[in-house]
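With chain A held as given, fit chains D and R onto it using these hints.
Protein chains in written order, with the working numbering: chain A, 1 to 237; chain D, 1 to 307; chain R, 1 to 345.
A few of these clues could be false.
Which bits of chain A does chain D cover? Going by a derived footprint, with three or more residues having C-beta under 8 Å, they are [what the hints assert, rightly or not]:
no., stretch
1, 75 to 87
2, 94 to 100
3, 103 to 109
Keep in mind that the hints were calculated from the coordinates and are not lab data.
C-beta: ideal position from N, C-alpha, C; glycine also.
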Amino acid sequence: MSDPALRLEALEVRHGAVHALRGLSLEVDRGEIVGLIGPNGAGKSSTLHAVMGLMRPSAGDVRLGGESIVGRDPEAIARRGIALVPEGRRIFAELSVEENLRLGLAGRRGRGDHDADLQRVFALFPIVEEFRKRPAGSLSGGQQQQLAIGRALVAAPDVLLLDEPSLGLAPRVVDLVFSALQEISAAGIAVLLVEQRAQRTVALASRTYVLSNGSLRLTLGPEAAGDTEKLVAAYFA
Amino acid sequence: MSSTLVATVLGADWQTLADAMGQGGLYALMAVGIGLVFGVLRLVNFAYGQLIMAGAYALAVASERGWPVWEGILLCFGVVLVLTLAMDRVVFRPLRAHSPAVMLVATFAVAFLLQSIALLWFGSLGKIAASLATLNQPVTISGVDIRKISIVTTAVAIGCLLVLVAVLGRTSVGLHMRAAALDFRTARLLGVRANRVIGAAVLISGLLAATVAVMMTVETPLVTPDFALRDTILVLAGVVLGGMNRLVPATLGGFAIGFASGFLGGALPTDKSQYLPSFLFAAVILVLLIRPGGLFTRAGGQAVERL
Amino acid sequence: MTHLRVTRIVELLAPALLVGAVALVGTIVSTSTQTYVITTLVNIVIVVALYVFIGNSGVLSFGHVSFVAVGAWTGGILSIPLAEKPAIMPSLFGFLRDTTVGNASSLALAAAVGATFALVVGLPLMRLSGLAAGIATFGVLEITHNVLRYWEKIGPGVTTFSAVPETTGLLQAMVGALIAVVVAYLYQRSRYGRMLRATREDAAAARAVGVSVYGQRLVAFMLSGGLAGLAGALYVHLLPVNTESVYLDLTFITLAMLVIGGATSLWGAVVGAVAVSAVDSFLAEAENGVHVFGRLLDLPAGTRVVVVGAFMALVLIVRPSGITGGREFSLPVTSARALLTKSRP
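The shape of chain A in the complex, shown without the other chains:
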């Protein structure tokens, strides 16, 4: 049995005396979408930051394709085939859309032809191609989110992490983004989706973990998407 694309083992993260994450373990396989939901302050962003090396975990391990990546610099981790779409998009407003995409190339592993990956992004998000020469700051929130995902995809990652991509987006755009995520995972990429919108995430993902106060409370399958009571209970457990 081969290693999962991404595995977190008993991950612990501290902010000074506060425990942001207490012993979190989860797995994401190729072609899966795994959701991570929970109330504010649950530790969702801390999870992603710890994986990407922005924070040093105080205990536990993070394995990318079986190899441990804990303790490495963020840029080294990014170059190992894992890409983050950060909270708030964090695109470079003063650079053009095209330059933002080119920046994503920094995370590529091989020197191979990146044209094919670029075309795939344009196929997924036509607006990105249409506006390629414009300054990225002139795009709307939804368009910037598409750019941010496209920028991550251009690096041809094995694992894609997303930190609250639906934040501040109109429902129609959320539809677009979520269906794009389905296409992305269908292409073989492992997707870990951190979100606030519980219902949509649970419906989309093959399984969704509920994080509260730094630890896993519950695991939900897509069938629970319609069960509001269960969701609410999970949040306030």
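Coordinates of chains D and R only, in the frame set by chain A:
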């Protein structure tokens, strides 16, 4: 007084204008050198002038030993690059995590340290770097005599700036540097290598310092331990005046103060030009009060974060 | 006596006693070495002045030596005997040429002029922070240097001061240093000092509770300008002063003293001044040839600046909070007592 000032300004000759352009160009290059490092490290290198001083001393030593001009220039570049890289390793990198205040004072200390080492090593009398002295000869253009060096400096400055625009705008490294200056954390998350970007910025800033050293020694062949100190102070003022946070405004600020300094220095009669530094700095302070973010940035810009 | 009160007294006593100790050392050394001791005491005044502003506000000022310069000019010109003035400084303003005051008055006036100049400079500048403040205060230094150098109506211009009565002996310097320490202590214990320190930690939060960042900074700036002016007058009564001796070199060395000692405490300021002055004096002697453990140490001229500079850079890189860690002096007993009586969370 103001009418004599206007008359002086209008009556200034082509030599003064050419000189001012040259000085503006030199200061613009220095501004880029300082601005690039600031962009990626958020560090103001007070000791930038000392890099130029080191290059000038290299030229002086080569000139004293009768070396051919090109070898002297090569030595200059070599010395400056080694010193820049050493500065990066020993001073910049460890200080990265500290506040801008600490970094400012630290580079101030390094500036003094290098100056005093030069004093110790070479003495206070100074050395002569005479290699390119022929450039001080005038060339006649439509009946007007202008020193070659003024033209050469302006041309070299324009050339360097064009090359820089190309590097920053078209290469991956340039793109990475620009991104790092805007948002280093996100750039790293995308895979941009922090060390490479910093190294590139430091390297380019060193190359610029060496270039400036070569140009400066033509006009000022006497190299002393405080060589380029005044210029650095003025360029820093110009950069803050133009707008520290972005490279283009910073460069414009450097050019502006260089041009103003060169022009007024040449155009004003001696008794008034004595107070030139005061006027320049008073202008700088005035601008800082009205537009703390810089003259050439968008209105309402924030001055660089407080200590 | 409560632990808190002991701490407070110690906070003043420690630097004051150190000043006294330095003065005491001055009484037992040779006359030539005594000059170094006196200079050290004057340096303490400057560094304490720097601390009053920089340490409490967190804003960098490269321009304080201009207040020292102004103080030196005031103290010097006003105390040169009337008979000598026309010869040395023929272009002097009438009022300056015809007035001469006594020693104490020259010192007091220098402090007053220093404070006033600081007020004038501070009114526009205290709005700035960070890099802009650094550059602007540097500009003040440059302008002051430039003006004092060429304006012969208010001073000797390029030439060095002469005929100033040399009244700064061990006693005068010690008193000056003690005054500085006491003033700084009273300020930092006062409401004003505490409010300013609040802005240093978190300007936004301080503003939110009604502290005027601008106002408090101006108060500290003025106070430190006065102390610096006093230092300048002490200085001019000690050594021949010219525009270069109150310019970049002095700026550098006094900043070095503050940083090395610890910029955020009075104790740090005094310790830094004493430590660096001691090393500097020793090296100055070594440059003239000095006997160490029976062997002759003869350093080339200029070594001392290199060493101090290297030391300053090293401290900044390795321990930016300085020798004292930026904290006031505290007795081991009071620390232990504090630990024992600390309430549990």
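Hint-by-hint comparison with the structure:
1. 75 to 87: holds (count 6)
2. 94 to 100: It holds, with 3 qualifying residues against the three required.
3. 103 to 109: holds (count 6)
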